[in-house]
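S.K.: So the sequences go chain by chain: A and B. The number in this note's numbering is simply the position in the first sequence, starting from 1, with 598 added. The number in this note's numbering is simply the position in the second sequence, starting from 1, with 598 added.
Hints were generated in silico from the structure; no laboratory data involved. Treat the hints with care, as some may be off.
Claimed, not checked - Which chain A residues face chain B? A few, computed with CB under 7 angstroms, are given here: (1) A606; (2) E701; (3) H717; (4) V894; (5) S901; (6) V904; (7) D959; (8) N963.
Note that the structure is a prediction, hence the values are computed from the model and not measured. We put the beta carbon where it would ideally sit given N, CA and C, even for glycine.
2 protein chains.
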Amino acid sequence: MTTSLAAAALRLAPAAAAGQPAGAIDTPALVLDLDVFERNLERMQQAADRAGVKLRPHAKAHKTPAIALAQIARGAVGICCQKVSEALPFVQAGVTDIHISNEIAGPAKAALLARLARHARMSVCVDDARQVAELAAAAAQAGSAIGVFVEIDIGQGRCGVADAGAALDLVRAIQAHAPLAFRGLQAYQGGMQHVREYAARKRAAAEAASRAAAVVAALAEAGVACETVTGGGSGSVEFDLAGGVYTELQPGSYVFMDGDYGRNEYRGEPRFAHSLFIASTVMSVAGADGAAPRVVVDAGLKSMAVDSGLPQVWGPQGRSATLDYVAANDEHGIVEPRAGAGAAALPELGSQLLLVPGHCDPTLNLYDDIVCIRGQAVAGVWPVAARGLSR
Amino acid sequence: MTTSLAAAALRLAPAAAAGQPAGAIDTPALVLDLDVFERNLERMQQAADRAGVKLRPHAKAHKTPAIALAQIARGAVGICCQKVSEALPFVQAGVTDIHISNEIAGPAKAALLARLARHARMSVCVDDARQVAELAAAAAQAGSAIGVFVEIDIGQGRCGVADAGAALDLVRAIQAHAPLAFRGLQAYQGGMQHVREYAARKRAAAEAASRAAAVVAALAEAGVACETVTGGGSGSVEFDLAGGVYTELQPGSYVFMDGDYGRNEYRGEPRFAHSLFIASTVMSVAGADGAAPRVVVDAGLKSMAVDSGLPQVWGPQGRSATLDYVAANDEHGIVEPRAGAGAAALPELGSQLLLVPGHCDPTLNLYDDIVCIRGQAVAGVWPVAARGLSR
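Based on the sequences and whatever the hints tell you, model everything.
M.R.: Given below as structure tokens:
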């Protein structure tokens, strides 16, 4: 055996290199179909443009500067991030307008935000006067200006103040601090994004929008204009664009369309397609002749989030008609033939299987890079630079 | 605004630095209580020593070279990894004996394993003759020697051959290749680790051990000695140590004891305690005066795995008697007072809350480092160097 110096020089090869066939990607790996991805970006931007609503896509879904720049190149006014630390690699990649669509607490986070605000136009949400005071102190310290949105709860029951009176109090608190600028309201109802039935989702969106509109009107009566009303998501974008309340939308998952969003019923426009896959490899078929035919793939809980269900097996014609991913262990996935398909449908040892993740946001957060493919060839590798930046 | 050059120089501060109070850790962060952790390590090593069984702890649980070295310093013979790429940072940190407790498929993985085998004593599992051929070719190419275990299925229904005849065929295949050395059997029953009731788990362990013993005996009859029988886990270690079949145990989670293992009923020895926590911060209390009292913390699906349940809120006296973590969104957690506790039990905006993750292995895989505390002070930060290495 050689010295540890020689071991230190060992490097893990990238999962893929440009020009390789997609079938040669080392697995597990995140794979992005660029043709579908670009079509998703264009459809969303065109829909926003037609409605005269600004698009500020959510980078929490992709955590990837190359994707943010592709969104901005098509007309997005900037991006959202959900955490302050998440914004750092986007600022470094040249994104100049970032909204933190979330409250923050603690001096470390306010200080980082104020530092970032020296390099980019930054804004953040508040739902408590103590957050306002902490932001004002940090901005004064850093010599920067921070935009502030009052978040209102329009039915999710998570963050945000409950009514126009509380919102107005916060507007006055923001206006009392010179380094802070009141920018408007954030109104987001995450729960309704995943209401499956089209008509029920439409009703939920209308209800949420009417709650937001009531607060906007009450503030206007008190002499406070909301320059921006920001919110909305990939599941409700059709309704949000048409509702007349939002001046700016924050969808994230439309870029990839995960298994969860794929289970929604859609009727109107815009429509999006699955562009993101996990490439896995069949690494054991020893049980295939046994009582329960199955194969084992090398992608489990460390390669996908399962909070919104197990991944779907994907084939050349879309979702596999014969194979189901039925169980995830830490590093293993069990794939079985669907009832009626039989053991003959099972793939060979060493075969590559593509999977559609159930939930894209936390799945992206597991990978350091995305392998981009165009047709059946690897086009390049994009770093998921904000992976793990949850502070 | 300043230049992008200045933005490029921005760095995210570490979550904590040695000497700081634990309450000042920037969140979300993984926190390890070193006193409890060291006690867990010592209890396991002493139990193995008493039984005369070798301990080869599983590094898939911690992915942290500093922890592997602490295990080896106490007497562990080496470590297990579950993926070949996972082993790389351990080899680089000076671990010289690593078993890949899993099958691999594909030339990239075999080639990396063969390269690692030039720097450390490496072994891997097989359950198919094609894997043997791939390993032999890679070892010959790299000029290294690879130890090979035949994995047998003792009831999990995942990887491994079903019977002694198939095992013997694989032993013969291994013995036909000079760069490969047959080392013994791997026999692991993951499912029984999480059987809650003590007596039922004991029965399951006995059943699994008797299946393993039967294969060992059949191979011996055919003239094949198993130098090592490796397997076992944190939930069955008491039975595995006493069963007389395993020469080497592979427990991983005992280091941390996650929420899932904490729900098992234990009666015998050794016992382990929760040493691993997620530090979170209350970042919104806007809803606390509303109909359903709750606060929102900054740790959600990107800061913990929820496949084995939501985290438990932890207090100075152990599991909180008044607070429950009831829902995880991507970057938010909802914490409610337990029935009877009332809104007065809710923590203030900006408070730190410790959480016990439901499942340690995939939770570790989300973090780049672990903040170590001793008592109420930060003792240091350990890189989770194998995070994300799932290939």
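S.K.: Now tell me, hint by hint, if it's right for this structure.
M.R.: Do the hints match the structure? See the list:
1. Residue-level restraint check for A/A606 holds (minimum Cβ-Cβ distance to chain B is 5 angstroms; threshold 7 angstroms).
2. With 7 angstroms as the threshold, the beta carbon of A/E701 comes within range of chain B, its nearest partner Cβ sitting at about 5 angstroms, so the hint holds.
3. For the restraint placing A/H717 at the interface with chain B, the shortest Cβ-Cβ distance is roughly 4 angstroms, inside the 7 angstroms limit, so the hint holds.
4. Below 7 angstroms, beta-carbon pairs count as interface contacts, and A/V894 has one with chain B at about 6 angstroms; its hint therefore holds.
5. Interface hint at A/S901: satisfied, since its Cβ lies 5 angstroms from the closest Cβ of chain B, which is below the 7 angstroms cut-off.
6. Annotation: interface hint on A/V904 holds; nearest CB of chain B at approximately 5 angstroms, less than 7 angstroms.
7. Hint on A/D959 holds. Least Cβ distance to chain B is approximately 5 angstroms, under the 7 angstroms limit.
8. Here the hint on A/N963 is kept, as its CB sits about 5 angstroms from the closest CB of chain B, short of 7 angstroms.
Going down the numbered hints, you'll see the structure goes against none, and every one checks out.
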